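Chains as they are written, first to last, in the numbering used here: chain A, 1 to 183; chain B, 184 to 1142; chain C, 1143 to 1230.
Simulated from the structure, these hints should not be mistaken for laboratory data. Keep in mind that a hint or two might mislead.
Using 20 Å as the maximum straight-line C-alpha spacing, the simulated DMTMM-like pairs for lysine to aspartate or glutamate come out as follows [claimed, not checked]:
hint: 1; chain 1: B; residue 1: Lys452; chain 2: C; residue 2: Glu1156
hint: 2; chain 1: B; residue 1: Lys349; chain 2: A; residue 2: Asp43
hint: 3; chain 1: B; residue 1: Lys832; chain 2: B; residue 2: Asp817
hint: 4; chain 1: B; residue 1: Lys635; chain 2: B; residue 2: Glu678
hint: 5; chain 1: B; residue 1: Lys349; chain 2: B; residue 2: Asp406
hint: 6; chain 1: B; residue 1: Lys452; chain 2: A; residue 2: Asp111
hint: 7; chain 1: C; residue 1: Lys1187; chain 2: C; residue 2: Glu1207
hint: 8; chain 1: B; residue 1: Lys621; chain 2: B; residue 2: Asp406
hint: 9; chain 1: A; residue 1: Lys118; chain 2: A; residue 2: Asp128
hint: 10; chain 1: B; residue 1: Lys790; chain 2: B; residue 2: Asp406
hint: 11; chain 1: B; residue 1: Lys579; chain 2: C; residue 2: Asp1211
hint: 12; chain 1: B; residue 1: Lys452; chain 2: A; residue 2: Asp108
hint: 13; chain 1: B; residue 1: Lys579; chain 2: C; residue 2: Asp1216
hint: 14; chain 1: B; residue 1: Lys349; chain 2: A; residue 2: Asp108
hint: 15; chain 1: B; residue 1: Lys349; chain 2: C; residue 2: Glu1156
hint: 16; chain 1: B; residue 1: Lys635; chain 2: C; residue 2: Asp1216
hint: 17; chain 1: B; residue 1: Lys452; chain 2: A; residue 2: Glu77
hint: 18; chain 1: B; residue 1: Lys1121; chain 2: B; residue 2: Asp1055
hint: 19; chain 1: B; residue 1: Lys882; chain 2: C; residue 2: Asp1216
hint: 20; chain 1: B; residue 1: Lys882; chain 2: C; residue 2: Glu1194
hint: 21; chain 1: B; residue 1: Lys1027; chain 2: C; residue 2: Asp1172
hint: 22; chain 1: B; residue 1: Lys1027; chain 2: C; residue 2: Asp1174
hint: 23; chain 1: B; residue 1: Lys349; chain 2: A; residue 2: Glu112
hint: 24; chain 1: B; residue 1: Lys914; chain 2: B; residue 2: Asp892
hint: 25; chain 1: B; residue 1: Lys1026; chain 2: B; residue 2: Asp1044
hint: 26; chain 1: B; residue 1: Lys1027; chain 2: B; residue 2: Glu846
hint: 27; chain 1: B; residue 1: Lys1026; chain 2: C; residue 2: Asp1172
hint: 28; chain 1: B; residue 1: Lys658; chain 2: B; residue 2: Asp712
hint: 29; chain 1: B; residue 1: Lys579; chain 2: C; residue 2: Glu1156
hint: 30; chain 1: C; residue 1: Lys1187; chain 2: B; residue 2: Asp194
hint: 31; chain 1: B; residue 1: Lys790; chain 2: C; residue 2: Glu1156
hint: 32; chain 1: B; residue 1: Lys405; chain 2: B; residue 2: Asp194
hint: 33; chain 1: B; residue 1: Lys1121; chain 2: B; residue 2: Glu1057
hint: 34; chain 1: B; residue 1: Lys308; chain 2: B; residue 2: Glu678
hint: 35; chain 1: B; residue 1: Lys1026; chain 2: C; residue 2: Glu1207
Restraint-style ranges between C-beta atoms, simulated for each label pair [said to hold, decoys possible]:
hint: 36; chain 1: B; residue 1: Gln767; chain 2: A; residue 2: Arg91; range: 28 to 34 Å
hint: 37; chain 1: A; residue 1: Pro47; chain 2: B; residue 2: Ala831; range: 38 to 44 Å
hint: 38; chain 1: C; residue 1: Gly1190; chain 2: B; residue 2: His318; range: 42 to 48 Å
hint: 39; chain 1: B; residue 1: Pro399; chain 2: A; residue 2: Glu28; range: 55 to 61 Å
hint: 40; chain 1: B; residue 1: Thr973; chain 2: A; residue 2: Asp26; range: 22 to 28 Å
Small disclaimer: the values here were computed from a predicted structure and weren't measured. In this text, a Cβ means the ideal position worked out from N, Cα and C, and glycines have one as well.
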Amino acid sequence: MTELLTPSRATDAAGFLPGPLGLRLDEEQISVRAVNARADRLDDLAPLGSHQPTPDGAVLRLWPTMAWAIGNALVAEIPTVDISHGHTHLRLRGVEALHFIANYTYADPLDESRRQTKALRTRLNHFDCVLWWTNTRDVHIVVDRSLAQSFCNHLRSLALRHDPADPSKTPRPVAPGAPDRRG
Amino acid sequence: MTRLPQGGLIDRTQTLHFTFDGEQMSGHPGDTVASALLANGRHLVARSIKYHRPRGIVSAGLEEPSALLTVTDATGSTPNLKAPEITLRDGLQITSQNNWPALDRDAGALLALGGKTISAGFYYKTFKWPRDAWHKTYSKIIRRAAGHGQVDPSTNPALYDKRHRKCDVLVIGSGPTGLSAAITAAQAGATVVLVEQDSDLGGSLLQSADTIDEMPAREWAKDAADALRTLSNVIVMPRTLAFGQYDHGLVQAVETPQSGSASTSILWKIRAQRVILAAGAIERPVVFPSNDRPGIMLANAVRTYIRRFAVAPGRRAVVAVADETERRDTMAALQEAGIDVVAALQPGDKITKTTGRLHVSGISWRGANGKRHSARCDLICMSAGWMPTAHLFAQKGVRLSFASETQSLRPPQSDGPMRPTGGARGVLTTADCLADGKTTAHQVLAELEMHKHLNLNQPEATPAPAQGFQTGPGKAFVDLQNDVTRSDVALAQREGYCDIELTKRYTTLGMGTDQGKTSWTNGVLEIADITGANPETIGHTTYRPPYSPVSIGALIGAEVGNEMVPTRRTPFHDGFERLGCVFQTSGDWLYSRYFPTAGETMMQAIKRECLATRNSLGCVDMSTLGKIDVQGPDALEFLSRLYCNAFAKIQPGRLRYALMLREDGYVFDDGTIARLAENHYLVTATTANSGSVWRHMQKMAQVDWPELDVTLTSVSDHWASLAIAGPNARKLLTALAPDFDHSSEAFPFASVREGLLGGDLPVRVFSVSFSGELSFEINTPAGYADALLTRVMDLGAEWDITPYGLETLDVLRIEKGHLSIGTEIDGRRTPADLNLGGMVARKKSFVGGALLNRPALQQTDREQLVGLQPEDGETSIPYAAHLSQSELDSKGQAPLCGHLTAAIESPILGHSIALGFLENGQERMGETLWAHSPIAGKSVRVRVTSACAYDPKGERLHD
Amino acid sequence: MLLIPCPHCGLRDEGEFTYGGPARTLPALDQDTQVWRDAFFAGQKPPGPMTELWYHTSGCESWIEVTRDTATHDILNSNTPQSKVDTP
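One chain only, chain A, in its complex shape:
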């Protein structure tokens, strides 16, 4: 996709959230195409629940009959719909990034199964969001563009409610034998 103009940002997210956790939140441009097809065809691209990096991007498959082609991921022979501008891509970075998010998501991103898939669509308080991460310190969050500014404000407000000792004072439960919880 060639862009003649530079899209404007949807939020003011660029830098550290307030509060003692030292998290930073930044908006980054992203190209997303919806790939609609029967489940069995999409299974060849990426199994349900997964985020699969490709040489030019990634395929995110969190829906049975839809996947997202992120970046320039090639999706042969399946028609796509450009939805890039409908979504805002935020990155939350910091030692406690995923653990912070996990306090508020309805589904637990630190669940054993999701420690493998590292991707999920769920609800964070009142916001529906798509999450994926390569490690727990760098979380990608995609929300509806119209909600994005409100979402950033909300994360700021939540970050204020934590103490410097949170949550390392009370380690999260992990299955025995699992790698270090910050892994």
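Position chains B and C against the provided structure of chain A, taking the given hints into account.
Coordinates of chains B and C only, in the frame set by chain A:
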């Protein structure tokens, strides 16, 4: 000071200062307000709700019925906190409640003299007439005389939060049962969360004289807690009260972090596969005459204050404890503290009275042989037995059953997520509790396939003492918090309020902030005693969350102010801010309302915006509409079934207005269907329904018609949409330099074109109109909204382009009689009601078609949409008015025949117009009716017209 | 809050879902009013197991069929939906 020279779990190296009713007092870290008050020699801390009797601290836990206090700190004041639940902090201001002028000289106590008159049902019987007097006079007096603390109306600056947590096993309570269960579960590798309401872990072990593994119980508890804290699969949460059990293993708990934390409290929603309820048991008071004086305490509380807080709550104690082991333990504790035990009553003794004005000073009783005794004392330690704390278990609706061997309500065996264990099922000794915790933990681990099944024996519940105390006649309180006496309970039975739910409401037994934690079993036993009924048949009232009061702040969490609900902003938001827009919340959206120029009022702005659009050029944000991309070989068939109008002949590049019905035949939503290519459509949904239309379409595609080859993609937020409207709209479109033929012949009304504006701005342009003017909705990917707006404003300046907002949008659509969701499309209208009957296709089948043909929906005299204009051509029609053929009568009433849905002043027509539903409205054109608005205090004569008041032939849509 | 087993996403909190009513067997669109009326309005809903439609709004955005005991909230089964429309 009554602080003991040594011992206790307090940090004597630090001193905390606080005030009680203005008096300076001090305590130590580790104290509760209750222990600190007692350490300062304060027993009298409250006045009772009805009789204003002096009351002291009865317990050392959340069951406290009497010592309710108001606590003030930097964030404001909180009333009705129980003294034993408040962790002492430096600088707290504690005040007593329900007394005037002072706690020790309370005028309200005069009521106590005539106490007999305020028996159960007194208010119901006394304040019956005159009718108005209840809310005008009586209730105000009663509320002032009787009641709890005052609510602080100021804004609370404290921060609260709500968080989620998940685990395999949640253990509630950290006494011997909880610690043993948590250790067992943790060692098997389960993820464990251990919540403890207290700041210290250990529960009853903190004041126990027992030994475990040859260690003092308190040290064992500390070791166990430390061991749990080091495990990575265990989260230990002290100061966290689990207050409610919900479906499928969800427990809600509120944490009060240490002072100085960012959040004042945190509500935790903890989802566990299994919940071990190790909440222990509550000691049952003895009911005897004048059993409510300060200095009369539960025996376990006395032991707690001595051993845990190093406080001597008296000097001369009388012990009235039914269980022999506990009696000996209590006497041992008193001796440890150097308190004289002046008498120890034996079960079977009959307590006849106590004396004392603001503090107990003596007790009289008769021995089993009838011999009278009395003793001077300043402390009475009482216990009739123990009651399991199974409240959380019972909240899910499972009945507890009264067991005669324990004389208490006990939970039944359960295979659900929550398992009452230890004290919560009536197991009382430390050794049995340790065993029970382990047994239950093994049981749930086996169920979760985390441990092999072991056949461990479950300890039996500890039987109640064989014999209790007898009591003489006199004012004996069953429920201290609500001043319910034994005679009140008897009165309720005599007057027929025998069912336990009725007894509760008639007497207020078990109501209030403690919800009868200490009183309920005694109440049941009283009823059994009076009526001769078996206590097992009496039952209990409904247990509901919260177990103990939770502050509203904690329940709300961060959802205050702007964080209450998410706010959607359109892509034009920043651009509109630059244009001086006034925004308004409308549903989820923060929408442009109007664009005032300097010094302009809203009404002036609306008028200017309307006239500019009608006469030259306006622009308005349409981005909030739902937009759904529909593709596939069966897309046309799919849409044809979904919408009620026929559009099979629609050509690529054209669009149609379309109406969607619900399955029951009523109008659901309206929008446009644009055919972008052979098998590619874009449909719009109204802003309010964009979510529900999307779900509805998904449902049809996924559930009802999976055989259709169609794909749906929500592109609502991808496209920004700016409508340019007015006679000069096409001139502006030309100026924007589209790369497609946009002449009126090539691009007529109801068409869609895709291309670039100015060679670089990708757009889809729809020639549709909500304003009734020549209009183009220019859609561009949302990131380019600002670029589009800038060009439209710059190039439109030639025609004095005027941005307009929601207010003007509404005026323009009402002038045209166009529909709006929630006002005209209100879920009760057929297409014909909305004058759209002609749109309904005859030759196809569609959702809602069959049920639309129900006779009631086809009647011709239904309410129909009409327009209304003032008969005199100038009077303003009040909104929210109702339609009638007659004037209001002397009572302000009139038979109605319809109502208004919208009323505005039309700048272009120069008078007021309205839309409304009128019975058989289409047949009543030209009739004159009354529009009555009791809210506006106005009745106006109106004439019935067509809904479309402006340009009824639609000539302005074309150029 | 229930825990609902989504056939695509696993156990998820009720807060992620939108309720869609009982799963009904609806007549084909061309069936007459009487047939539709009987199918649409005349259903009995005694307490006990009932198959319902839920939409996983905050998850996979799919409709699923869940069999729930309406008296106890026990979830007995969940599936991707089966077409319930009578084919003419």
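Which hint numbers does the structure go against, in order from smallest to largest? Numbers 2, 4, 5, 10, 16, 17, 19, 24, 25, 30, 31 and 35, in rising order.
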